[in-house]
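Engineer: For reference, the chains in residue letters:
There are 2 protein chains.
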Amino acid sequence: MLPVNLITELQQAFPSDRFYTDPVDCYSYAYDNSRKIFPPDAVLFPLTTQEVCHIISLCNRYHVPIIPRGRGTGTAGGSLPEFGGIALSMERMLNIISVDPANRVIVAEPGVLNQTVQDAAKPHGFFWPPDPSSAHFSSIGGNIATSAGGPHAVKYGTTREHVLGLKAVTGTGDLITTGCYTTKGVVGYDLTRLLIGSEGTLAVITEATLKLTALPVTVTGITAHFSDLSSCTKAIVNVMALPQLPSALEFLDAGSLNLIRGRYPDMLPLNTHAMLMIEVDGFSEDITSSIAATLDACHTDGLIHAQQANDTTALWQARKALSPLLKEIAPKKINEDVVVPVDTLPQFLKGLTSLSAHYNLHNVNFGHAGNGNIHVNLLINPDDVEEVARAERCLDEIFDLVIKLRGTLSGEHGIGSEKRAFVSKEIDSVTLNLMRNIKKLFDPNDILNPGKLFPP
Amino acid sequence: MLPVNLITELQQAFPSDRFYTDPVDCYSYAYDNSRKIFPPDAVLFPLTTQEVCHIISLCNRYHVPIIPRGRGTGTAGGSLPEFGGIALSMERMLNIISVDPANRVIVAEPGVLNQTVQDAAKPHGFFWPPDPSSAHFSSIGGNIATSAGGPHAVKYGTTREHVLGLKAVTGTGDLITTGCYTTKGVVGYDLTRLLIGSEGTLAVITEATLKLTALPVTVTGITAHFSDLSSCTKAIVNVMALPQLPSALEFLDAGSLNLIRGRYPDMLPLNTHAMLMIEVDGFSEDITSSIAATLDACHTDGLIHAQQANDTTALWQARKALSPLLKEIAPKKINEDVVVPVDTLPQFLKGLTSLSAHYNLHNVNFGHAGNGNIHVNLLINPDDVEEVARAERCLDEIFDLVIKLRGTLSGEHGIGSEKRAFVSKEIDSVTLNLMRNIKKLFDPNDILNPGKLFPP
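Quick note, the sequences are listed as chains A and B, same order.
So that you can map any letter, position 129 of the first sequence is 129 in the numbering used here, and since no number is skipped, the others follow by simple counting.
So that you can map any letter, position 104 of the second sequence is 104 in the numbering used here, and since no number is skipped, the others follow by simple counting.
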């Protein structure tokens, strides 16, 4: 329950259509793509940086949690109001402040959708590389808070590499301005990157200076079918050893392919047990040599066939077919997005197979193999207590394997609430303690997204 | 003067060839490329991370300044022991811990030279993009501490984009491990980037995981001569508007060209008043279309001629000729490395011309125009008090112009001691205060490179 005085002050400052307190209205802000539910006590929709400063100052005075929120597409529970408080929905800060093609920069408010940025950049021959699968729906504020990536990160990097500067409001309601407007700049500490991926625990982003990238002139696809997993992982390593990085290198394992076959029986050859979808792009109209080299890199023992798919729709057909199926099984899966060094993928995927066999679990693995970023899905019946317990033990071993291989527990989804129990597997206590102290510095009363990102 | 007990403890822990206290020995660690002189009270040469922890713990106990130092090539005075204390020379931590071409990673100690990393990467078809002009001599520790850039940053970015993780020791002697070994990773706060460019004020880097980039297959050069500055700056804007970024886009103004003519009368056509040296690279052997587009972009009114220089030695001839001349006039120049948005370069360079005329100063401007990163050199007689005063007033106005154009005070040299008086022009007091508090968190007794980076 919010303090009455705080409610009164907020009611004075915000019209009722920008300050929800009715539980029915608030309920839409109780969940995200983690499928957990924690209703906020209120929802606020700021329109300006000044309003965000005012809200946070007030909440800081009353020690009330503020849970900043983009469009709620995160899978790690980062926007869940676990301890109640106010959901700070940035969805109405929708202005693109400037489009500056000469300097390859767009300045935008956090509620602007990723897709809107792409639409603003495209007429000038540019795009903004972060491409989470939610790009048409998710906002740049959320993308920045999680350092979102996607299939094209293998060539273009993640959000971290594509933001020049930020305006943000700390847990004391103070406005800070980080970074610069130019591609080079070394004045002061890099607070921009410190905020990127901090999941709203340090400050609320109210403006972002985005660095644009030129759209490639030519894009083509390659699909490669393999009779066995090991040949496929070898091909991944081969492709990543080529000088020119592919612009996407997506992997589907046998479990994923079987899931697709269940719905679309004729889409995939029966003998395909692992598959790659590769995109190659370039500034030259002639990328023949890149295509030839990539096709060649796919020629491992178990290759059934690899072919160019100029129609990128055809390229992504299998991956797109998988999406709704994954949504259908959504409540029945544990979804992780671990990363391992590319050359350990064969060992990692083999390890996954043994672990799922050992724990008698079904799993479906796919993802951004070019970054070694694999989405591991354990398919479980959430009502089967014994199976859930087995899945948890399996997950624990999967994470240990990831760390053993010098990988990381999350490549793009973040920690949020879902993965915080495992953070200490990756980050030592001294470093973690320093991070906690940084959190305290930005947010002394722990009101910004409390409980997230750190182990309990 | 160092506390006697500290000296005793250090003498017990380090042999005399790794602990200098004789002022004559220490003097070599009193200066860097800023041409200021501040002798340390002692110099230590750690060989391991553990030793660095031990040294910093001790100094923290005695509140003695530690000035971490790579190879002393910085121009901003970042490695000067202004308040005495111990120069911590990392130059003997020289191990390349691993070269991992399959994952495009080299792990190295901070004393390893940039050139040594290039030599280790090259046989595998890779390079490490940061390329300060000191690359053959400077160390990766120093490169990371300053987020070094160079001519190729226009396409490949600066150090910030090419480090995956770090080991570092804070001002309390605690070892922290930041980042990860993979190209994606979002677990915890991005302390890697926080340390990059922090000029040894937060922690001493003892190990770095460097991300490698594939060497281009084809590299070619273009030189373009212009009859006037304005046509040249227009060409810069045109080149930067092309989809494919040049791999270098270096600019020399009339002052620079005249300096070269004074020594090499026949090197440059007399009617050239501004010049561009452009490098174009690619993975295809055929980069004809990029070259044609770049040549075309140079076609402004005042273009005298633009031509391809396949021999990159020829390309850099004028720039290389400038270097020793700049060294000769070194004590008589104030060298800045400001950055402005690329499309404001015409306005900025025009502004520079008026300012130097107004203050009756000679200046020489050149640099990494593709990033808008211009090295502004005011040529002054350091013994002429009145001229020095004029130069200081001029510099102040130059910085104001930079900020007005949304630029930044330093693109690659950093703040160190040289530019700290101006930091408040760029960073507001709230943000600066937060940075000061971060410094306090990492280094509560202000022993790590005290006085640097922040305004006095």
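Keep in mind that the hints are not guaranteed to be accurate.
Because identical chains share one entry, a pair is satisfied inside a single copy or across any pair of copies.
Unchecked claim - Straight line, CA to CA, 25 Å or less: simulated DSS-like cross-link-like pairs of lysine-lysine:
| no. | residue 1 | residue 2 |
| --- | --- | --- |
| 1 | K155 | K36 |
| 2 | K155 | K211 |
| 3 | K155 | K122 |
| 4 | K404 | K327 |
| 5 | K440 | K327 |
Hints in this document: simulated from the structure, not taken from any laboratory.
The structure displayed is predicted, hence computed values, not measured ones.
Engineer: The structure should be examined with respect to each hint, and the outcome stated for every one.
Structural biologist: These are the hints, each one checked on the structure:
{"no.": "1", "hint": "K155 - K36", "in the structure": "neither (33 Å within a copy, 43 Å between copies)"}
{"no.": "2", "hint": "K155 - K211", "in the structure": "both (16 Å within a copy, 13 Å between copies)"}
{"no.": "3", "hint": "K155 - K122", "in the structure": "both (19 Å within a copy, 20 Å between copies)"}
{"no.": "4", "hint": "K404 - K327", "in the structure": "neither (31 Å within a copy, 50 Å between copies)"}
{"no.": "5", "hint": "K440 - K327", "in the structure": "neither (38 Å within a copy, 47 Å between copies)"}
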